[in-house]
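Peer 1: Each chain, written out:
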Amino acid sequence: MIGAFTITSSYYLVLAAALFGIGAVGLLVRRNVLVMFMCVELMLNAVNLTFVAFAKALNDAAGQVLVFFTLVVAAAEVAVGLAIIVAIFRRRRAATADDLRSLEG
Amino acid sequence: MNARDVLGLVGIVALLPLIGAAFLMAFGRRLGSPRAGWVATGLMALAFAWSVVQLAALLSLPPDARSHVSIIFTWLPADQLHVNIGFLADPLSITWCLLVTGVGTLIHLYAIGYMRDDPNTGRFFAYFNLFAASMLILVLASSYLLTFLGWEGVGLCSYLLIAFWYERSTAALGGKKAFIYNRVGDIGFLIAMFLLIAQFGTLDYGATGHAALHASGGITTAIALLLFLGCTGKSAQIPLFPWLPDAMEGPTPVSALIHAATMVTAGVFLICRAHPFFDASHSAMTVVAWIGAITALVAGTMAVLQPDIKRVLAYSTISQLGYMFLALGTGAYAAAVFFVLMHAFYKACLFLGAGSVIHGNGENQDMRVMGALRRFMPYTAGAMVVAWLAIAGAPPFDGFWAKDGVLEAAYVRHDFGIWAVGIVAAVMTALYMTRLILLTFFGNARWGTSDAPAVAAVSGGSDDDDVVASEDVEAELGYEPDYLPTVVYGEPPRTPRLHGHEPHESPMLMVLPIVTLAVLSIVGGIIDIPLRGGTHLDAWLEPVFRGAPITESFAGAAALSATALAFGAVGILVAFLFYRRGLPSPADDPLQERLGVVGDVIGHGYYYDEAISKAVDGPVRGFATFLDRDVDQRVIDGAVNGTGHLVRRAAEGLRHAQDGLVRRYAIGIALGAAALLLFFLAYAGR
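Residue numbers (our numbering), protein chains in the order written: chain G, 1 to 105; chain H, 1001 to 1686.
Derived by calculation from the structure, the hints in this document are not laboratory data.
All values derive from a computational prediction rather than experimental measurement.
Quick reminder that beta carbons are idealized off the backbone N, C-alpha and C, glycines included.
There could be a bad hint or two in this list.
So the derived list for chain H, only partly shown, Cβ under 7 Å to chain G, looks like this [said to hold, decoys possible]: (1) Val-1053; (2) Asp-1659; (3) Leu-1661; (4) Arg-1663; (5) Ala-1666; (6) Ile-1667; (7) Gly-1668; (8) Ala-1674.
Whole structure, please, built from the sequences with the hints as guidance.
Peer 2: This is the structure we're talking about:
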């Protein structure tokens, strides 16, 4: 043991915030649809991490239960999202998110 | 069955012709010419019989109990307002029932003969029965709204019947004119009902009658005048009278039904029913009396030079209705009802007689080419002479008693101006009626003058095929669509249409009702002779008009009668002076020449129609165009279109925000989330 170094819930929360920030910035700065999608996943999981951290800190299982829901929904979202991305790549090679604006006002 | 049970079934009077109308609309065509008429006439006769039963039932009750309301069901249950379908049997309604069904039956009987050759007899009698049914609903109703239903039904039927020969443009126009003029009046009736609902919360005659006694003067005057506006439309008073002369475009039995038994007396009836409101408002009464008096005089002068036998009678009806309103306006309700009844007898007789003359004279209505017809149609001539003496006010015919009662009432109430106008109008009545009788039945025969068949053949020699074709059309329609029977003032005399034949008397079926009505015109006055114990009608109607001021009989009555008689005699003498030998030739009318410009003015009905046309076509159309072009298209449409335009322009601007760049949306979401976060940090923590 290295002294009185204990890992409190704030470590998790900082990590989650960092992951969320990376995801958010990645979503904003990258143009590749696939990478943007991965950033969204990163943000989702950052949120999951905060849920688990709070569940442990407050000794309440509801947070963990909610994570399961998030995972299920995220799985469905991945399936749909990837299908859309595949369809986009079939229609047009190397499309970036900025090119997908044919429905602009 | 006691009397009240019988009175509870008073609705059957109206139901019988209603059934006839429904039956004839469904099967009239299949029944064909005489049978449809017999069905209609039979039902009317039954309705008359049932009315007599009702009369007997009422008479068996003591006078004060002679009123029975039978509610059939609740028509409009609307919050506080309950309007029932209910019938009111009292002396007033039963009097009118007897009139409508009695005179109506005779006119129906006559119409069987008159419409024998018309291919649409089924339709005609369906409308005829519906007309009578509407009028009976009108008089039997126990509330203003049900009366209004009958009121509108009468208006509808007048439209349908005046425009019965709708292939003729003038007939179609006449029907429309009647309907539109009536609609103008109906607005008054409607607003009066709205006022009644707003003020008293009921439309029942009984309840409103009691409420009128305690209502404020302004309200009663407003209601009375608005109801009277409705009456001027239905009863053809100034200013809404011009539809009545044009109603002559209908078949003659229709004219008789409108003028004698139904429709035009509805206005008189309504004022009698609503008399508490008129009693309570002296100013409304004054308006009614003066409108009546002026109408009586003005319409009387309009009739003087008309060449068309039916149009003379039409103006005459307007004038006579003026007398009735004159009586109502002086509070002499019973005298007005008496006048309605007596007028129904002689006016129906005159109209049916005129129809007989037209029928036997090749469908010619132009009196300038008649004359000396008494030798060919003795029954018609005899009956019409009786009716003429009646309308001119000669004793002992019924018109004398009726007119005497009206004028005496005006005199006793010290309305000397009204009395004087009435007396002068009596001169006009005598003048135009004597002229009608002399031109039609006496003097020289002018129907054979220019009418040798050979001449007609020469003049139309090259059109033989056309003649045959038009005769085929005529046989199919039962009348000539191109022939416009109505003759208006200023037209050259019509070519006689007898084609060498002689005029002939109508069949017995038509003569019988005419003669019956003539007999009634002689003896009818017996129901209300102003002698001790002779005023049966006054006594009979007294419970209805209780509370109305009573006109005292007075000693100078005989002198008044003599004055009226003298004035009537002047009219007859003037007519004899000018027309005792007929006309020198169809084209020149001695009285018209003597009157000159005045003759033109009264012949054209004071150019009232022309003035209305000018006003409607000029300022009214201009105002309507202004409302259409400027108010509607610019202001109202402009507001609507402007709203749409504004939304569209805003959308045009805003849609650029939706630029399709996903990352920009993401920034929006991120900034939004950050803003929310800041908000919660700043405020929610407190």
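Peer 1: With a cut-off of 7 Å, does the beta carbon of Ile-1667 of chain H approach a beta carbon of chain G closely enough for the hint to hold?
Peer 2: 6 Å, holds
Peer 1: Would you settle whether the hint for Arg-1663 of chain H is holds or violated, based on the nearest Cβ-Cβ distance to chain G being less than 7 Å?
Peer 2: Holds. Min distance 6 Å.
Peer 1: Does Leu-1661 of chain H pass the interface hint, meaning its C-beta sits closer than 7 Å to a C-beta of chain G?
Peer 2: Hint on Leu-1661 of chain H: holds, closest Cβ of chain G at ~6 Å, below 7 Å.
Peer 1: Holds or violated: is the Cβ of Asp-1659 of chain H closer than 7 Å to a Cβ in chain G?
Peer 2: It holds, given that the least Cβ distance between Asp-1659 of chain H and chain G is near 5 Å, below 7 Å.
Peer 1: Would you settle whether the hint for Gly-1668 of chain H is holds or violated, based on the nearest Cβ-Cβ distance to chain G being less than 7 Å?
Peer 2: The hint is violated - Gly-1668 of chain H has no Cβ within 7 Å of chain G, the shortest such distance being about 11 Å.
Peer 1: Classify the hint on Ala-1666 of chain H as holds or violated, based on whether any CB of chain G lies nearer than 7 Å to its CB.
Peer 2: With a minimum Cβ separation of about 5 Å from chain G (threshold 7 Å), the hint on Ala-1666 of chain H holds.
Peer 1: Taking 7 Å as the limit, does the beta-carbon of Val-1053 of chain H come near enough to a beta-carbon in chain G?
Peer 2: Since chain G brings no Cβ nearer than about 83 Å to Val-1053 of chain H, farther than 7 Å, the hint is violated.
Peer 1: Classify the hint on Ala-1674 of chain H as holds or violated, based on whether any CB of chain G lies nearer than 7 Å to its CB.
Peer 2: Violated - the Cβ of Ala-1674 of chain H stays beyond 7 Å from chain G, reaching only about 10 Å at its closest.
In this structure, the hints that do not hold are numbers 1, 7 and 8, in rising order.
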